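In order, the protein sequence lines correspond to chains A and B.
First residue of the first sequence? That's 0 in numbering that gives the first Met the number 0, and the numbers climb one at a time after it.
First residue of the second sequence? That's 0 in numbering that gives the first Met the number 0, and the numbers climb one at a time after it.
Since the hints were made in silico from the structure, they are not lab data.
Treat the hints loosely; a few may be bogus.
Among chain A residues calculated to face chain B with C-beta under 7 Å, some are [what the hints assert, rightly or not]:
1) Gly5
2) Phe8
3) Glu127
4) Lys155
Label pairs and their calculated CB-CB ranges [claimed, not checked]:
5) A:Gly5 x B:Ala11: 32 to 42 Å
6) A:Lys70 x B:Ala22: 34 to 44 Å
7) A:Leu69 x B:Arg45: 30 to 40 Å
8) B:Arg39 x A:Ala30: 20 to 30 Å
9) A:Leu69 x B:Leu52: 35 to 45 Å
10) A:Gln113 x B:Lys15: 12 to 22 Å
11) B:Lys15 x A:His152: 13 to 23 Å
Far from chain B, some chain A residues (derived; all Cβ distances over 10 Å) [stated by the list, open to error]:
12) Ala32
13) Glu47
14) Gly54
15) Leu117
16) Asp132
17) Cys142
All figures in this text were calculated on a predicted structure; none of them were measured in a lab.
Note that beta-carbon positions come from the ideal geometry of N, C-alpha and C, so glycine has one too.
Residue-level listing of the chains:
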Amino acid sequence: MRRGDGEAFARLYAAYQGPIYRYALHTCGAAAADDVVQETFLVLLRGERFDPRRGTLAGYLFGIARHHILKRISAAQRELPMADEVVEALAVDEEVLDGMSRAEVVQAMRAAIQALPLVYREIVTLCELEELDYATAAAVVQCPIGTVRSRLHRAKAMLVKTLGRTGQERQEGRERQTGQVSQVGSAVRAARVRRS
Amino acid sequence: MQIEKDPVGSLAEALKVVREDAAALGASDDVEARLRAEVRIIGRTRARRVAVLSLAAAAVLAVAGAVTVRRAVVERSDAPPAASETGGGEVATAFFPLDYSGMPVSNAQLVRLEVPRAALASFGLTSIDVRDGGSAAAVGGTVQADVLVGEDGVARAVRFIGRIGGDDHRLVQERER
Chain A
0 MRRGDGEAFA RLYAAYQGPI YRYALHTCGA AAADDVVQET FLVLLRGERF
50 DPRRGTLAGY LFGIARHHIL KRISAAQREL PMADEVVEAL AVDEEVLDGM
100 SRAEVVQAMR AAIQALPLVY REIVTLCELE ELDYATAAAV VQCPIGTVRS
150 RLHRAKAMLV KTLGRTGQER QEGRERQTGQ VSQVGSAVRA ARVRRS
Chain B
0 MQIEKDPVGS LAEALKVVRE DAAALGASDD VEARLRAEVR IIGRTRARRV
50 AVLSLAAAAV LAVAGAVTVR RAVVERSDAP PAASETGGGE VATAFFPLDY
100 SGMPVSNAQL VRLEVPRAAL ASFGLTSIDV RDGGSAAAVG GTVQADVLVG
150 EDGVARAVRF IGRIGGDDHR LVQERER
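Okay, chain A solo, but in the shape it has when bound:
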């Protein structure tokens, strides 16, 4: 590909542009996702040669993408990991997704993932949405595998909590809506009685 082989580029691009795009989409938003893909592949074309002895190609590409993503996210936005006790407190068992449509689940989950601190957001994206193995994910985020596992556990706990709040708000909204409907019904009935 670095020799200007168009077919080799096409094969590689087809295999990896989607995962890189989605990783960027979930971690820094749709506005930057295209740029991250472009910059990642430009580095592959022009930059340091990929060395298979140092890891997988997927890990290498996600690593480049992460570098560009972090450049786009200011230090203030790179939220710190939460303390263990806080995370455990968040791990509440709730049947949060019960009764939602597929579109509602997607919307709620995306919002919940976006609400996660970056260190958890990227782990959920890499391990759960892009299904990278822990070793590759650890290479991408440059931390031990154990840290990847613990971050993923905390991230899931936070997602449950966030979705629980969402579910509660939805339920309250339904109840308010039901109450408003019944109030309207009572008013209509009262008006009919007065008219008769």
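Since the structure of chain A is already known, use the hints to place chain B on it.
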């Protein structure tokens, strides 16, 4: 859509739904077009570089070849010219070109002279290359030479003469080997 009621199962199912929903998402066609253009530029640049390097390599090989040939020619011309029998019981070296050997010559004449033996050194010869063992001149430190002189009186080439037989001839032959 109904999701499993187990909370962990629900989350896993929900993540799967998000994964499937996003599976078709990818970078825009513009990104691919820009990257393909970059690949083409890299290909062209590389082809140009390969061509330049090939030309440079060919030039280096040509120069190296020319130097090698030139050196071989110079070495051959530096070596004592092969000796040959001239008749009359003499053996002679080949002609050594002199300074004006490049000038055209007609009606040249061969003039035999006796020259100091020290003159051999200036042609890369040693005293054992040409010997005149029996002659009185040899004893006196001279050696016979045939000088090719043009009608303009300018010497073009010279060869040195030795006697056949005895040490003189043998030494010349050994030198040739």
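Hints, verified against the model:
no. : hint                           : in the structure
1   : Gly5                           : 5 Å, holds
2   : Phe8                           : 5 Å, holds
3   : Glu127                         : 5 Å, holds
4   : Lys155                         : 6 Å, holds
5   : A:Gly5 x B:Ala11: 32 to 42 Å   : 40 Å, holds
6   : A:Lys70 x B:Ala22: 34 to 44 Å  : 27 Å, violated
7   : A:Leu69 x B:Arg45: 30 to 40 Å  : 32 Å, holds
8   : B:Arg39 x A:Ala30: 20 to 30 Å  : 28 Å, holds
9   : A:Leu69 x B:Leu52: 35 to 45 Å  : 39 Å, holds
10  : A:Gln113 x B:Lys15: 12 to 22 Å : 18 Å, holds
11  : B:Lys15 x A:His152: 13 to 23 Å : 18 Å, holds
12  : Ala32                          : 7 Å, violated
13  : Glu47                          : 15 Å, holds
14  : Gly54                          : 23 Å, holds
15  : Leu117                         : 18 Å, holds
16  : Asp132                         : 15 Å, holds
17  : Cys142                         : 21 Å, holds
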